[in-house]
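Q: Letter by letter, the chains look like this.
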Amino acid sequence: MSAETRSPVGTRTPIYAFVGNPNCGKSTLFNALTGLKQKVGNYPGVTVEKKIGETYSQHGHPIKIIDLPGAYSLAARSPDEAVLRDVLLGRREDTPQPDRIVCILDASNLERNLYLVHQILDLGRPVILALNMMDLAAKAGLEIRVDRLEKELGVPVIPCEAANGKGIVDLRLAMSRSDLPLAKHAWEIPAPIAPAVSELAASLQENDGKAPLSARAEALLLLTDQDTVRVTGSVPLHPRTSEIFRKWQKRWEGEGTDWAGTLVSSRYDAITETCSRIVVRKANLGPSVSDRIDQVVTHPVWGWLALATIMALLFVSIFTLAEYPMNFIDGRIAALGNWVKAAMPPGNLRDLITDGAIAGVGGVLVFLPQILILFLFIGLLESTGYMARAAFIMDRMMSRVGLNGKSFIPLLSSYACAIPGIMATRTIEDQKDRLTTILVAPLMSCSARLPVYLLMMAALVPGERIPLLTKVGIMLLMYALGTFGAFGFAWLFKRTLLKGEPPLMIMELPPYRLPRLRDIFFHMVERAWMFLKNAGTVILAISIVLWFLAAYPKAPDGATPTQQLAQSFAGRAGHALEPVIKPIGFDWQIGIGLITSLAAREVFVSTMGVVFNSEGSSENTLPLRQSLLKATWPDGRPLFTPLVCITLMIFYVFAMQCMSTLAVVRRETNSWHWPAFQMAYMTGTAWVVSFVVYQGGHLLGF
Amino acid sequence: MPALSKLSELPVGAQALVREFPKQGSAFLRLREMGLMPGTSLTLIRTAPLGDPIEVKVRGYNLTLRKSEAEHILVETIATAKS
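Chains E and V, in that order, are what the protein sequence lines are. For the first sequence, position 361 (counting from the first letter as 1) is numbered 361 according to this note's numbering, and the numbering increases by one without interruption. For the second sequence, position 38 (counting from the first letter as 1) is numbered 38 according to this note's numbering, and the numbering increases by one without interruption.
By construction, these hints were calculated from the structure, which means they are not laboratory data. Please note that the accuracy of each hint is not assured.
What the hints assert, rightly or not - Each computed DSS-like pair below joins lysine-lysine, with the alpha-carbon atoms no more than 27 Å apart:
| hint | chain 1 | residue 1 | chain 2 | residue 2 |
| --- | --- | --- | --- | --- |
| 1 | V | Lys23 | E | Lys250 |
| 2 | E | Lys533 | E | Lys51 |
| 3 | E | Lys247 | V | Lys23 |
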């Protein structure tokens, strides 16, 4: 008996892994057990979230829990699943191999959930099953004989309802046991492949140094997972093992044996048999609530209406709700700056603090309300299950450019701000699809471009007021340009740079669920913190650099801010830039704006205010409009002609004028390579399109 | 031998048994791992508003796949839509 038990309660803290299918309520259970004692980070080398939490056993001993990404199978198809596989098999050097595994299952969908469990039981580690969503199973007319399942598999089975806080105590109790039995998991490997499994297992033990029990599991895994998704941190196979595998593959191909299919089928056969004994269908209820909602939400007419309503709601709340906290933050930051100005003696240090650091922090914080609202919406869409429906509806359209429906929400969110959009691409399993989505997301016209558009429209249209129709027309044109640009480039990238397998749309449509506000809140705070840490530090640094460039070298005493800026490093950079931007109609003064607005696009407006010595603000562009209209080239030609205004707007549609987005892209793609490429292709496109528009317009006599 | 039809051409509401299922391709292996394989019974729930992808109920849950995959899966209809 002692050989069958492990005693993790010894010198070190036992480590549990939480695994389960997506939508099984794993995070809710994890949050319920660990509360705020969580550390969220990334697995080095991949963009898969690493969540480690701590809880206490019934006796007060600490327990570590690794919340692994949701997966349908150990045969990895995405980096998420590869991380799950590698952590469970102890292949990652950055994460300790878990001592015990808690499998969380959706009790209302037992068969498919048991597939992953079936693979995990092969690993020969102590396992606890948490049968979650027992209430939903009961509602669906299913009775699950928990004791029977326990007896059949030989592992503890804990029924729970994580969303209602039920079963947590029992789970903690099971996790506190010093000994856990190993599963009675004797299933017959199908005859045609059994000899191959033993031969591979022997080689894995001998050549790859695997433990006897996990060697068999790894051999089985090899048959359905040819190690195609290899992520940084995993160790490649020994050549001898690969050779044995290739030999068998050849033989099977000759015999016409479908080895992978046979293996999957035999697992499902075993599962179906188990389920026939433990699941009692008490009543065959009519269409469930989910079915009825779906009849409306995916309806050919109502479905579009529902999608449009939800999206309209999203944008209205971003543009109206976010305004109050944004104004508040703006006001506080300005007040803080003034307070420091009054409290400190004038000098470089004071200017660095007020104009560099405080203004920079303000520039970061002011985006936070919008980003939080977006994360809230994305969280709501994800946890209710609507996200999958939006993907289902939009898939056909996205397939035209070679993407799938899952890219829709990230791209749509990018209309408000590309940062949450890019962070939301983690739900896209296919790496090339995900990368394509990240690359084109910033082309969707975000809200930071609005002040630039508004200023240029003010300069474009004669008179104090812009006619509504003109305003709407030009805005629509800009949004359309960005959107077409995004889809065009997605199409191009999927055909050239990121060419891959034809995209799939194999996706579960989970039943609708009431959102768990606590989990969404956790998630929101996590994401916001990630944004502040990544983008925040970059914006702050850039703000200080830009402040320095604009403040030095110092002009002689008595110079106006305009004169100061003109002779500063930024002014000189503007001059240096002029030969490049003259062909698109911009002079060095606009060049300064292009440089400073790398921190955030809207900074262009305030820079123009300083450059042209005007008191305008982003809300009231009229005084600035007057100054812009008076601006000329040295030879007296007006600078802001209607053509230049239009060109400048178009430039901002395409140009990658946002350092914080680049910082987030760097994090999400784990390389400098992609943000650099993104900067180059977007700003390059911006220049080319601007050139065509400006020179073309010029030729036509504008 | 009853007549087989492509899963992509199954009418909405029909129940069917999977009879022939491609052996090659990672998409089909994943579909198997999601529980769709020869012998599995399924119900075609709906097609998306734009005609693709399709949604099937299999092993008690709802799964979507594109017609480009579904047309390689042959099924035997066991019941048409309940009126």
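Q: Now look at each hint and say whether the structure bears it out.
A: Do the hints match the structure? See the list:
Distance check on the hinted pair: V/Lys23 and E/Lys250 sit about 15 Å apart at the alpha-carbon level, within 27 Å; holds. Taking the CA atoms of E/Lys533 and E/Lys51, the gap is near 17 Å; set against the 27 Å cutoff, the hint holds. A distance of roughly 19 Å separates the Cα atoms of E/Lys247 and V/Lys23; the hinted pair therefore holds under the 27 Å criterion.
Comparing the model with each earlier hint shows no violations; every hint is respected.
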